[in-house]
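A.B. asks: These protein sequence lines map, in sequence, to chains X and P. According to the numbering used here, the first sequence is numbered sequentially starting from 20. According to the numbering used here, the second sequence is numbered sequentially starting from 100.
Simulated from the structure, these hints should not be mistaken for laboratory data. Worth double-checking, as some hints may not be accurate.
Claimed, not checked - With a Cα cut of at most 30 Å, we get these calculated DSBU-like pairs of lysine-lysine:
| # | chain 1 | residue 1 | chain 2 | residue 2 |
| --- | --- | --- | --- | --- |
| 1 | P | 398 | P | 365 |
| 2 | P | 335 | X | 213 |
| 3 | P | 365 | P | 335 |
| 4 | X | 213 | P | 331 |
| 5 | X | 105 | X | 145 |
| 6 | X | 145 | P | 398 |
| 7 | P | 331 | X | 151 |
| 8 | X | 151 | P | 398 |
| 9 | X | 145 | X | 83 |
| 10 | X | 213 | P | 125 |
| 11 | X | 105 | X | 83 |
| 12 | P | 365 | X | 145 |
| 13 | P | 117 | X | 145 |
| 14 | X | 151 | X | 213 |
| 15 | X | 179 | P | 365 |
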Amino acid sequence: MNATTKIEPATAGLRVPRSRRPAWAVFGERAFEVLIHLCGFSAIIFVLGIFFFVSKEAFPVLGKAGFHLSQFLFSDQWYPTSEVQKRYGVLAMIAGTFSVTGLAMVIAVPFGLGAAIYLSEFCGGKRRETLKIVIELLAAIPSVVWGFIGLTVMSRLIVKFTGAPVGVNVLNGGLILALMSVPIIVSIGEDALKAVPDSFREAAIALGATRWQLVWRVLLPAARNGLLAAVLLGVARGVGETMAVLMATGHAVHIPHSILDSVRTLTANIAAELGEASAGSDHYRVLFLTGVLLFALTFAVNLTADLIIRGIRKK
Amino acid sequence: MSAATNPLFTETPQARRKLRQEALAKWIFASMAGLMIIPLLLIIGYLVQRAWPSLSPGFLFDVPTHGMRDGGVWPAFVGTIYLVLLSLAVSAPIGILAAVYLNEYARDNWFNRIINLAVINLAGVPSIVHALFGLGAFVYAARFGCSIISASLTLAIMTLPVIIASTREALASVPRSFREACWNVGATRWQTIRAVVLPNAISGILTGIILQVSRAAGETAPIMFTGAVFFKAVHKGDLFPYALHDQCMALSMHLFTLATQVPDVKESIPFATAVVLMGSVLLVNAAAISLRAYLRARKKW
């Protein structure tokens, strides 16, 4: 403003009134920017909201006489509807979750990382594009369809080949979960391999290394963190998966002794029993408490994966 | 060739072993990629084969009969469309504006790092925990009851990260020089976004919206306790069978019910339901992929 008044004498008589935007446009823009900021903050509000509402339903049970937190975490006795003595121990479900997820990772990690290596180092052009599209479609199949596949196709195959009495068990859930988490491991793993600078590859090839040596000695060590993050996100997917394991693992609440035992996972337990528990009852609140446990578990895993990925980007 | 005479270029046993090793490694990795895809194709083929007796256009438009043991999936199909559209109406504006904030307004400080972290964690929260949240927040606290509103709001929050992530990616791919040119002719930040950034990013935003649709259509756990029911009587071909405060059927829920709760269902019906659900989700996804490929090929910069 000052500048215009200073040069005024030189342009005397030629002064055109500076065109201004109408007040409503300026005000509208301000208002809209406030809205944009609010939407930006919404993710935090939603995450806090999830934690708040789930724990609001869960925490009243903590002070109840018949409930002990140590029993909840370390007992495998789950008798929520017993007349004489109700017991709420989720250890068997924790064991179920980790056995199924563990088996899934044993299968999915080598295959997922192998496929990621193949995609980023051994094939190119059209074939890579096609494979990536197939993997994207694989990731899109709804979990209830996977559960249905486990219940019908996979369980029959398992009974046929292992002679197990029931086909819905840890092995079934593990195979289904493996198929479900492979796409995540492949896409994040491929990103991690891509993030290794090309100069590393060029240096190795100039020294006469084969592609295999390049992968084993150069890329895997260099992309170690990103691959670890890929595995962690696969684990998070496995722990959080509900419908597929609900349908594919059977419904036995006990600590599994072999991969042909039926189990129940934390997620499946909530899905199976929430409909029967009356709102406000101890049983209902304990199920919400299981939700808090799951929230904390996946939060920790995702946070770790994110910190690892962020560490890579900084470098 | 001179290779025989020049010892420098003869194929030593070591080099041969190295090449063999390389071929073997390539073969192993390729088969790992293949082993992931082939079972999938086999399974899809098997599902379609088992579903074949029931698959017809009539299956889509028919209502379930004989206590869900026969008939079609129309009420479930319409219910899924209701849930998806309503959740899209909520999550698309919020998600797009949130992505605009994160990409255009946010500076790199601790607060915005927390927002990023929140988005990542929102994507990682298990679907059943979203269901618990929807039950606690929308069904009880907000008193919407078990209804289409509660279910679609739950779905909206669950699928928000999908839209945020792809919109952000789309916005980030608009070159910075476009914005600078616009600022230099005196446009404000929002005018620049509206006139330059958003039109150039529209393809990526659309892809994100389509992916949200496919994600929301397939989810079961979040709607199980917030608004989806096993059965609802609906007339054949009725386009508006539900009111917003009604409960509704949904394809994913219908498949779960048929597979686990209803005894003596006609064999091919659950398979056909699975094929319809998987088919519609994959079709929507394929649409997103081809849209992305088409627009990427047309891109001018």
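A.B. asks: Under the constraints set out in the numbered hints, which ones does this structure not fulfil?
C.D. replies: 1, 2, 4, 5, 7, 9 and 12
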